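Protein sequences, first through last, are from chains A and B.
Going by my numbering, the first residue of the first sequence is number 1, and it counts up by one from there.
Going by my numbering, the first residue of the second sequence is number 1001, and it counts up by one from there.
In short, the hints are calculated from the structure, not lab data.
Keep in mind it's a predicted model, so treat the numbers as computed, not measured.
It cannot be assumed that every hint is accurate.
If you anchor each label on the Cβ, the simulated ranges turn out as follows [said to hold, decoys possible]:
#: 1; chain 1: B; residue 1: 1005; chain 2: A; residue 2: 132; range: 26 to 36 angstroms
#: 2; chain 1: B; residue 1: 1126; chain 2: A; residue 2: 81; range: 38 to 48 angstroms
#: 3; chain 1: A; residue 1: 125; chain 2: B; residue 2: 1005; range: 23 to 33 angstroms
#: 4; chain 1: A; residue 1: 72; chain 2: B; residue 2: 1103; range: 29 to 39 angstroms
#: 5; chain 1: A; residue 1: 176; chain 2: B; residue 2: 1142; range: 36 to 46 angstroms
#: 6; chain 1: A; residue 1: 81; chain 2: B; residue 2: 1078; range: 34 to 44 angstroms
#: 7; chain 1: A; residue 1: 178; chain 2: B; residue 2: 1126; range: 44 to 54 angstroms
Glycine included, each C-beta is placed from N, C-alpha and C at the ideal position.
Listed below, chain by chain, are the residues.
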Amino acid sequence: MVDFLAQLGRSGLRFFERLGRGHLLLLYILGGIPSVMPRLRLLVQQVYAVGVLSILIILVSGLFVGMVLGLQLYNTLVDFGAESSLGPVVALTLVRELGPVVTALLFAGRAGSALTAEIGLMKATEQLSGMEMMAVDPIKRVLAPRFLAGFIAMPLLAAIFSAVGVLGGYFIGVGLLGVDEGSYWSQMQDSVDFYDDVVNGIIKSLVFGVVATWIAIFEGYDATPTSEGVSRATTRTVVHTSLAVLGLDFILTALMFGDD
Amino acid sequence: MLHSRTVEIWVGIFVAGGLAALFMLAMKVSNLTEVTGEEGYRVTARFENISGLKVRSPVTVAGVRVGRVTDIGYDPNTYEAVVTMQIGHQYDQLPLDTSASILTSGLLGEKYVGLEPGGDIEMMVQGSEIMLTQSSLVLENLIGQFLFSKATEGDEGAE
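Okay, chain B solo, but in the shape it has when bound (with noise of 0.2 angstroms):
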């Protein structure tokens, strides 16, 4: 065995090494930077349909981040999705009539929730709803309709 000494420096630049390596996997490979500021209010808005939206998908504005879904619920009585967001504390002059939709990111990238204000004067705060929302693009559906609109087309275009 080496010198007690030496062992000891060693172990102590082993231990600082893999310290640094999860501190560089925490800041530098996850999103750990981003959840920091975690405070802010919450919001909710009721979807009809949510397909594909994730706890923890981004809330933006204009395209900009401004928070994160924190909770996705049901409601058995009206038969909707209950999604709650988390909106950070410097985007507090969102107007109460902000409508909210579910978008996708590229064709098949992931969902998220798109505001997009409206002209209200009064401003959200912690608990408000959305009352304006418009539900998540189900691509199967949309190619449906489509096939469906262009087989009834080739009918009308045969007779």
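The following block holds chain A by itself, in its conformation from the complex (with noise of 0.2 angstroms):
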């Protein structure tokens, strides 16, 4: 009994231990930050690495979550003879909800876990102590770009979700099942606003862009040493992001369109 006391009390103080040293970590970033600047170079390596080599996921995940979203609201709304509605449905739905949620947890899944991957090998082969050794400062170097350029890659990668779905959702509902291009052009533009929708939308994709950078690279940062403790960081890596990108939208969602 006294052992599983103590065993829970052991396990709760790792948890607010690991909060802190997060959050500690979170805040020496941001103050790296700035040294990113003069050195341009490692940022665009690293929007490389984490942005372009996620364009291919997030072209084809948003056409065909357009298409199917188009599809299936097609053959919803034209019970109702609402069908001239599929432009703001599949538009609202997008640009609010499922471009910027799906294109964290598509984030999470190809760059996030490289990112662990990366930082935690880079620490099980001590090439950050020894950066450490040479003065270098392995926050300002590694981390902090990286987290910029998700920071950066985030809210694009989302727009270019987005506006590939509702390309998608035209080539189904106007080319294929028949749905007034005009309408579906006017009556989307009719709903879809501008500060209330898009830029809400990119606050969200900048927020989750943030919360997945920072998971991924603190989850490598944090890995214990071995090749068993960069797969375990990995995994955590995906499986806490998804958790805090679907959290946090609820949340985010709550405060931005509960009160309409």
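The task is to assemble the complex, starting from two chains supplied on their own in separate frames and drawing on the hints.
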């Protein structure tokens, strides 16, 4: 019984310790961001790694999500003779929710896991301590550019996802199922508000970008420096990011769209 | 890692693509294009009931959108809703005795303000108040009235 309580207390302490370390790391990274500015090449390389390399999966999944939305919603809306509202429904779903959320989930799987594995391996092979030996701060040299790159790449990826999804809905709705082209676009423009919907979607994706990159970097930096530790950290990155994104999405939606 | 020039080109393409997608969301998907030209003059109108009218609802004359509702307030002295509308500069030929009514597009569509020009020689300017107003039609009241009149008809028939 005492053993059990001690175990419970230890895991509780470990949890708070990790929580605190994670937030301290975030502070250090934010403090290290100004030193990224003179070394833009590092940033560009990281934007390439987390952004450009994720484009293909974002394009393909955006297109298919939009096409599935078009198909499913058409079948439901046509019963009410309301197939002309296909455009608004597809666009609002994508811009408000699916764009930021699905992009963040894909981002966690595609870029977040890679970040964790890379940083974890750097730690396991003692590259990070090597840098410290050479008086190079790994937080400024390795972590801050990656963090900033995630922050930049995520809203762009989410915008690409939403735009491609709207086009996918257009191909299915207008091209295949015969919704009127004019009503698809004009009704969409009528009901999608730039500030309420598009800008809020961008804010969402910025928040998700910070959270996803932060978790990935922290898990990598905090990984047990063994091959098993790195693999566990990678798994944790994907699981924790997905949970955090879905939970945060609910909170952000309640805050942004709750009052009308 | 690839050659750094290639990396830079790809990042450039990525950022440009992302911005293009944002641009498309702004221009093609959302109503940003309509919002431009926010200039115009403001007029107010008092309604007994505005149920369903929202800020940014359209203001129309003869079905043509000429402005938007910019503010909805409440006057505690008269128990009326005060609706402020912004009307575009190019539509400054509205007579002072124009009347405003709250209408519904379609049976269950969104509410909008319909203006009906009158015959006054003077035109509305910044700060004018529309005196003739007609409140929003509350569907529930209408159904209630209909049922009530049906019920009384039924009673008369039974006698």
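- Query: If you check each hint against the structure, which ones fail?
  - Reply: none
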